[in-house]
Amino acid sequence: MRDPIATLRNRWSDSDARTDGGETASKRSLLSRDSVRSAPFWLPPFLLVGLFVYGAVVWNFLLSLTDFSGIGEPDYTDLDVENYLVAFADPIDGLLSTVGLGGEVNGTAPGWSELTVDPVWNSLGNTVALMVGFSAVCLAVGLLLAILVDRGIRFENTFRTIYLLPMSLSFVVTAKFWLYMYNPDTGLINVALGAVGIGPVQIVQNPDLKLGAVAFALIWQFSGYAMIVYLAALRGIPSSHFEAARVDGASTVKMYWRVIIPQLRTATVSALVVITVFALKAFDFLFSMYGGYQPGPSADILATRMVREAYANQNWAYGSTIAVILFVMALCIVAPYVYSQYQRGEL
Numbered sequence: 001m002r003d004p005i006a007t008l009r010n011r012w013s014d015s016d017a018r019t020d021g022g023e024t025a026s027k028r029s030l031l032s033r034d035s036v037r038s039a040p041f042w043l044p045p046f047l048l049v050g051l052f053v054y055g056a057v058v059w060n061f062l063l064s065l066t067d068f069s070g071i072g073e074p075d076y077t078d079l080d081v082e083n084y085l086v087a088f089a090d091p092i093d094g095l096l097s098t099v100g101l102g103g104e105v106n107g108t109a110p111g112w113s114e115l116t117v118d119p120v121w122n123s124l125g126n127t128v129a130l131m132v133g134f135s136a137v138c139l140a141v142g143l144l145l146a147i148l149v150d151r152g153i154r155f156e157n158t159f160r161t162i163y164l165l166p167m168s169l170s171f172v173v174t175a176k177f178w179l180y181m182y183n184p185d186t187g188l189i190n191v192a193l194g195a196v197g198i199g200p201v202q203i204v205q206n207p208d209l210k211l212g213a214v215a216f217a218l219i220w221q222f223s224g225y226a227m228i229v230y231l232a233a234l235r236g237i238p239s240s241h242f243e244a245a246r247v248d249g250a251s252t253v254k255m256y257w258r259v260i261i262p263q264l265r266t267a268t269v270s271a272l273v274v275i276t277v278f279a280l281k282a283f284d285f286l287f288s289m290y291g292g293y294q295p296g297p298s299a300d301i302l303a304t305r306m307v308r309e310a311y312a313n314q315n316w317a318y319g320s321t322i323a324v325i326l327f328v329m330a331l332c333i334v335a336p337y338v339y340s341q342y343q344r345g346e347l
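Counted the way UniProt numbering counts, the sequence shown spans residues 1 to 347.
It should be emphasised that the hints constitute simulated quantities derived from the structure, not laboratory data.
Think of the CB as a built atom: it goes at the ideal place given N, C-alpha and C, for glycine as much as any other residue.
A portion of the hints provided could be inaccurate.
[Said to hold, decoys possible] Computed beta-carbon distance windows for the label pairs:
hint: 1; residue 1: Val201; residue 2: Thr252; range: 33 to 43 Å
hint: 2; residue 1: Val247; residue 2: Pro207; range: 24 to 34 Å
hint: 3; residue 1: Val274; residue 2: Phe159; range: 13 to 23 Å
hint: 4; residue 1: Gln343; residue 2: Ala250; range: 29 to 39 Å
hint: 5; residue 1: Ala250; residue 2: Pro297; range: 26 to 36 Å
[Stated by the list, open to error] SDA-like cross-link-like pairs, simulated, lysine to any residue; straight-line CA separation at most 20 Å:
hint: 6; residue 1: Lys281; residue 2: Thr77
hint: 7; residue 1: Lys254; residue 2: Ala244
hint: 8; residue 1: Lys281; residue 2: Asn157
hint: 9; residue 1: Lys281; residue 2: Ile189
hint: 10; residue 1: Lys281; residue 2: Leu145
hint: 11; residue 1: Lys281; residue 2: Ala213
hint: 12; residue 1: Lys281; residue 2: Arg235
hint: 13; residue 1: Lys281; residue 2: Val132
hint: 14; residue 1: Lys254; residue 2: Lys281
hint: 15; residue 1: Lys281; residue 2: Ser239
hint: 16; residue 1: Lys281; residue 2: Ala244
hint: 17; residue 1: Lys176; residue 2: Val324
hint: 18; residue 1: Lys281; residue 2: Val172
hint: 19; residue 1: Lys281; residue 2: Ile237
hint: 20; residue 1: Lys254; residue 2: Ser270
hint: 21; residue 1: Lys281; residue 2: Gly292
hint: 22; residue 1: Lys176; residue 2: Arg151
hint: 23; residue 1: Lys254; residue 2: Arg235
hint: 24; residue 1: Lys254; residue 2: Phe278
hint: 25; residue 1: Lys281; residue 2: Arg308
hint: 26; residue 1: Lys254; residue 2: Leu145
hint: 27; residue 1: Lys176; residue 2: Gly212
hint: 28; residue 1: Lys281; residue 2: Ala330
hint: 29; residue 1: Lys176; residue 2: Trp220
hint: 30; residue 1: Lys281; residue 2: Ser340
hint: 31; residue 1: Lys281; residue 2: Ser168
hint: 32; residue 1: Lys176; residue 2: Leu209
hint: 33; residue 1: Lys281; residue 2: Ile147
hint: 34; residue 1: Lys176; residue 2: Thr186
hint: 35; residue 1: Lys176; residue 2: Ile333
hint: 36; residue 1: Lys281; residue 2: Gly291
hint: 37; residue 1: Lys281; residue 2: Ile333
hint: 38; residue 1: Lys254; residue 2: Ser168
hint: 39; residue 1: Lys254; residue 2: Ile147
hint: 40; residue 1: Lys281; residue 2: His241
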């Protein structure tokens, strides 16, 4: 007859052995994963990016909630949204007239920013106008060029290189090139206008033409990129779609409008995201073309306003506020695209 106490001890020892064995196997499985084994390669860059990119974004947001003027240390003990109230104040009034420090209404002493800065409506409007106009025309020109190149023209590789070459130039080079092209005395544009009895036209100096001149130069630089994106998408469409449209008697215009262009949605979204983000980053272009961060009210965008507030006016907190606005605008452009890519399983 077996000893019951010995039997229970054996069962407990077997149970402990199985538990220890399961924990050991689980640890071995965890350590054998590719993500864990490759941690020495991806973890340091991940931490550095988290610190110097996302950490900087968070710090910039905190700075926008202070009254930091660039002198001394920021005071993080009294955070408020006064800078954002100033940024989006009534553009007719110009300065805050109804909201004081801490969000109080009339009867309180005005905040520091009420006396020194204006709302961002003008810069925001110019930024949106540049972004929309530049993106729409750039995509249209790129699509037209892609269709022409896809028709099997001679010297196709040469034309593709010529169209794409401007994108390899920096904003500084492009700005200096078009500054020469817009020159009222020796610029090629005014020379051409003079040949037909028009001009000279003050393009860069004219407030009504400044923003259009910037958009035109950026279209020249980035339409080649849109062409390459569309050309790759056109080459990915099966030739049977073209043949079926021709068999149905569709003209060339109807074939592209009703059959081909609707299939270029993904290419359009991809090119649009890149182009609009470049429109938000046009500070280098404006700084080089106008020799500083004061291009004038008609061409002033959020990027130039941000740098001017921080470095020229010493309103670092307000400059950080404009930087946050720019970041949110870029996020609103990129985030939906990334989410759609994730939903389609392409990320």
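To see whether the hints hold, each was checked on the structure:
About 37 Å separates the C-beta atoms of Val201 and Thr252, a value consistent with the hinted range of 33 to 43 Å. A hinted range of 24 to 34 Å for the beta carbons of Val247 and Pro207 is inconsistent with their spacing of about 55 Å. The beta-carbon spacing between Val274 and Phe159, approximately 22 Å, falls within the hinted interval of 13 to 23 Å. At about 32 Å, the beta-carbon gap between Gln343 and Ala250 stays in the expected band of 29 to 39 Å.
The hint said 26 to 36 Å for the Cβ distance between Ala250 and Pro297, and at roughly 49 Å that hint is violated. This hinted pair does not check out: Lys281 and Thr77 have alpha carbons roughly 33 Å apart, beyond 20 Å. For the suggested pair Lys254 and Ala244, the alpha carbons sit about 12 Å apart, so the restraint of at most 20 Å is met. Proximity of Lys281 to Asn157 is assessed by CA-CA distance (about 30 Å); at most 20 Å being required, the pair is judged violated.
With a C-alpha separation of about 26 Å, the suggested pairing of Lys281 with Ile189 is violated against the 20 Å cut-off. At most 20 Å may separate the alpha-carbon atoms for a hinted pair to count; Lys281 and Leu145 exceed this at roughly 25 Å. Taking the CA atoms of Lys281 and Ala213, the gap is near 16 Å; set against the 20 Å cutoff, the hint holds. Between Lys281 and Arg235 the alpha-carbon distance is near 31 Å, which puts this suggested pair outside the 20 Å criterion.
Using a Cα cut-off of 20 Å, the hinted pair Lys281 and Val132 holds, with the two alpha carbons roughly 14 Å apart. Distance restraint check for Lys254 and Lys281: the Cα-Cα separation of roughly 37 Å exceeds the 20 Å cut-off, and the hinted pair is therefore not satisfied. Taking the CA atoms of Lys281 and Ser239, the gap is about 39 Å. The hint is violated against a cut of 20 Å. Proximity of Lys281 to Ala244 is assessed by CA-CA distance (about 43 Å); at most 20 Å being required, the pair is judged violated.
The straight-line distance between the Cα atoms of Lys176 and Val324 is roughly 29 Å, outside the 20 Å bound, and the hint therefore fails. For the suggested pair Lys281 and Val172, the alpha carbons sit about 12 Å apart, so the restraint of at most 20 Å is met. For the hint linking Lys281 to Ile237, the alpha-carbon distance of about 33 Å lies beyond 20 Å, and the restraint is violated. This hinted pair does not check out: Lys254 and Ser270 have alpha carbons roughly 24 Å apart, beyond 20 Å.
This hinted pair checks out: Lys281 and Gly292 have alpha carbons roughly 15 Å apart, not beyond 20 Å. Taken as a hint, the Lys176 and Arg151 pair is broken in the structure, with Cα atoms around 34 Å apart against an allowance of 20 Å. With a C-alpha separation of about 19 Å, the suggested pairing of Lys254 with Arg235 holds against the 20 Å cut-off. The straight-line distance between the Cα atoms of Lys254 and Phe278 is roughly 32 Å, outside the 20 Å bound, and the hint therefore fails.
A hinted pair counts as satisfied when its Cα atoms are at most 20 Å apart, and Lys281 with Arg308 qualifies at roughly 15 Å. Proposed proximity of Lys254 and Leu145 is supported: the alpha carbons are some 18 Å apart, at most 20 Å. A hinted pair counts as satisfied when its Cα atoms are at most 20 Å apart, and Lys176 with Gly212 qualifies at roughly 16 Å. Taking the CA atoms of Lys281 and Ala330, the gap is near 10 Å; set against the 20 Å cutoff, the hint holds.
With a C-alpha separation of about 14 Å, the suggested pair Lys176 and Trp220 falls inside the 20 Å cut-off, and the hint holds. Between Lys281 and Ser340 the alpha-carbon distance is near 24 Å, which puts this suggested pair outside the 20 Å criterion. Pair hint Lys281 plus Ser168 holds up; C-alpha atoms about 16 Å apart against a cutoff of 20 Å. Between Lys176 and Leu209 the alpha-carbon distance is near 17 Å, which keeps this suggested pair within the 20 Å criterion.
Under the criterion of a C-alpha separation no larger than 20 Å, the hint pairing Lys281 with Ile147 is inconsistent with the structure, at around 29 Å. Annotation: proposed proximity of Lys176 to Thr186 holds, straight-line Cα distance about 14 Å (limit 20 Å). In summary, the hint linking Lys176 to Ile333 is not supported, as the alpha carbons are separated by about 29 Å, beyond the 20 Å threshold. Between Lys281 and Gly291, the direct Cα distance comes to roughly 17 Å. Compliance with the 20 Å bound is thereby established for this hinted pair.
Annotation: proposed proximity of Lys281 to Ile333 holds, straight-line Cα distance about 13 Å (limit 20 Å). Only pairs whose Cα atoms come within 20 Å are accepted, and Lys254 paired with Ser168 is rejected, the gap being roughly 35 Å. Only pairs whose Cα atoms come within 20 Å are accepted, and Lys254 paired with Ile147 is accepted, the gap being roughly 13 Å. At most 20 Å may separate the alpha-carbon atoms for a hinted pair to count; Lys281 and His241 exceed this at roughly 39 Å.
In this structure, the hints that do not hold are numbers 2, 5, 6, 8, 9, 10, 12, 14, 15, 16, 17, 19, 20, 22, 24, 30, 33, 35, 38 and 40, in rising order.
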